[in-house]
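Colleague: Okay, here's what each chain looks like letter by letter:
Number of protein chains: 2
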Amino acid sequence: MAKKDDGSRVRDALRIGGKLPDPGSAPVGPGKKPKALAKLDSAGERLSALQESLYAEGVGGGSRSVLLVLQGMDTSGKGGTVSHVLGLVDPMGVRYAAFKKPTAAEQRHHYLWRIRKQLPAPGQIGVFDRSHYEDILVPRVSGLLTDAERRRRYAEITAFEQELADAGTTVLKVFLHISPEEQLKRLKARLVTPEKRWKYNPGDLEARSHWPAYEKAYTDIFEHTSTAYAPWYAVPADHKWYRNWAVAELLIETLADLRPRFPEPDYDVDAELAKLKGVGVPA
Amino acid sequence: MAKKDDGSRVRDALRIGGKLPDPGSAPVGPGKKPKALAKLDSAGERLSALQESLYAEGVGGGSRSVLLVLQGMDTSGKGGTVSHVLGLVDPMGVRYAAFKKPTAAEQRHHYLWRIRKQLPAPGQIGVFDRSHYEDILVPRVSGLLTDAERRRRYAEITAFEQELADAGTTVLKVFLHISPEEQLKRLKARLVTPEKRWKYNPGDLEARSHWPAYEKAYTDIFEHTSTAYAPWYAVPADHKWYRNWAVAELLIETLADLRPRFPEPDYDVDAELAKLKGVGVPA
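Here the protein sequences come in this chain order: A and B. Sequential numbering from 1 applies to the first sequence in UniProt numbering. Sequential numbering from 1 applies to the second sequence in UniProt numbering.
Hints in this document: simulated from the structure, not taken from any laboratory. Incorrect hints may appear among the rest.
What the hints assert, rightly or not - Pairs of lysine-lysine, PhoX-like flavour, derived with a Cα cap of 25 Å:
1. A:K188 - B:K275
2. A:K117 - B:K196
3. A:K275 - B:K277
4. A:K196 - B:K277
5. B:K199 - A:K277
6. A:K196 - A:K33
7. A:K101 - A:K275
8. A:K117 - A:K101
9. A:K277 - B:K19
10. A:K101 - B:K275
11. B:K277 - A:K199
12. B:K196 - A:K277
13. A:K275 - B:K185
14. A:K185 - B:K277
Could you build the full structure based on these sequences and the hints that come with them?
Modeller: This is the structure we're talking about:
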């Protein structure tokens, strides 16, 4: 499906390993909007083909799946990514879950309880719009997480992701990286556009006021939970066209790596064709 | 959103009330492929807009949702409908569930147990690819359902759907109606096309051999479970272009009827705009 020689070009460029790229930059791939849109268009076909193969593999008894974890500050474009990138593939193959503030019922369970319930089935691409990482970010920034508890959560989460990898789920963790200047523009746009007002939440400004604390919390998360089996990627997200292109490519490279294949029929094709020849039209 | 004067034109024409339309016919709407494709294209925009409003309403605390139930013989195009019709809207707003042969674990529960777990959340469009109706169809055709038990299931299912309606879920039940001749063509196509072979199941021929029994079982289901709050619609499905157009229109009419609205902000827009003005860029 994807060419072998560039099979991890975007992943290599965007894997987090130290300083994050500038939110307005384009460290790999198209640097201008028209080219990025055209490339996203053709990426759609590759993504669809790979998704269909993975899905077929699942129907044929395969156990593999992909889980895209989207994290980022408010307005960083998690929803837009789902719409523009996952919207390119068959809805049958996508399982989307958003994790908001835990409900009272959810809070009575371990924080991974509600996460486990939303894992993709074999053959599916799962998408987490926020995730178990919120269970480090929010309590940490609110000062409700001791250092010992925070370290325990890193360990629990890496163990959980190892378990997923062992079970056949490839976890792709993407941080959508926007600048505070761009966030301000987007928050304003949500307020001045009547049909966008439902997306605005006064709490977003409260979170924004803790921007440096979130940056620190994210940095530590990247350091402690980037593993060989589930590394973190940073996607510069001030430009929506770049964000969409980059996430599509990260997904394509990840899926192509799995080399999903249509399953071999577990029946005799010729025998079935012969049976069909003898089949009449029911009265 | 949708014009008031044709707000239930397609539903009126396709609502089951006696003899089913011919599987190759086009009882309402476009009668030729090019026109149907063009109309589906513009339907996509209306469907997307309605879906976004419903979703926003859900975010704003609304409880309403829509559940599209797809039934039909093998190859009738349930999967194709999901891909071509639900593929037109934002994946965030769609919850897809396929119901295959119940697993051993599922069989230990009441047949509605696994169904309830897949209901759409407020604001979502749920899609059932097969459904609780399989729990009448399959055992009945296999001779495993007494008449008394069958009647009990009709009653349980209409009560269940009443419960859904009361909770704010509008159930749209669609029978994709294909002819045995068209099914034969599609089964052959699945066998001769290597990348379609995974969709073929030798059991499909076994089911096909009971075609008249399935027809009878469906007829009785339509008679006993078509209610004012959850009527059945038959979509002629020998032509994929007609099927896609018709299901899209049924969904649009159903959504338009709900008149979903963007929620009023539960915050003071001007006050928030003023706050944004005073917000600096975090250091």
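Colleague: Could you grab the alpha-carbon distance between K277 (chain A) and K19 (chain B) and see if it respects the 25 Å cut-off?
Modeller: violated, 30 Å
Colleague: Please verify whether K188 (chain A) and K275 (chain B) have alpha carbons no more than 25 Å apart.
Modeller: holds, 10 Å
Colleague: Assess, step by step, whether the Cα of K277 (chain B) is no farther than 25 Å from the Cα of K199 (chain A), and give holds or violated.
Modeller: Distance ~19 Å between K277 (chain B) and K199 (chain A) Cα, so the pair holds.
Colleague: Take a quick look at whether K196 (chain B) and K277 (chain A) sit within 25 Å of each other, Cα to Cα.
Modeller: holds, 19 Å
Colleague: Going straight from one Cα to the other, do K101 (chain A) and K275 (chain B) come out at no more than 25 Å?
Modeller: Given that 25 Å is the threshold and the Cα spacing comes to 24 Å, the pair holds.
Colleague: CA of K275 (chain A) to CA of K277 (chain B), is that 25 Å or under?
Modeller: Violated - the C-alpha atoms of K277 (chain B) and K275 (chain A) are around 74 Å apart, more than 25 Å.
Colleague: Does the alpha-carbon distance linking K196 (chain A) and K33 (chain A) stay inside the 25 Å limit?
Modeller: Roughly 23 Å separates the two Cα atoms, so the pair holds.
Colleague: Straight-line Cα separation of K199 (chain B) and K277 (chain A) no greater than 25 Å?
Modeller: holds, 19 Å
Colleague: Please work out if K117 (chain A) and K196 (chain B) have their alpha carbons no farther apart than 25 Å.
Modeller: Outside the cut-off at roughly 31 Å; violated.
Colleague: Holds or violated: K196 (chain A) and K277 (chain B), Cα atoms, limit 25 Å.
Modeller: With a Cα-Cα distance of about 19 Å, the restraint between K196 (chain A) and K277 (chain B) holds, given a limit of 25 Å.
Colleague: K275 (chain A) and K185 (chain B) were given as a pair; does the straight-line alpha-carbon distance stay at or below 25 Å?
Modeller: holds, 13 Å
Colleague: Would you mind confirming whether the straight-line C-alpha gap from K101 (chain A) to K275 (chain A) stays at or under 25 Å?
Modeller: violated, 56 Å
Checked against the numbered hints listed earlier, the structure breaks hints 2, 3, 7, 9; every other hint is satisfied.
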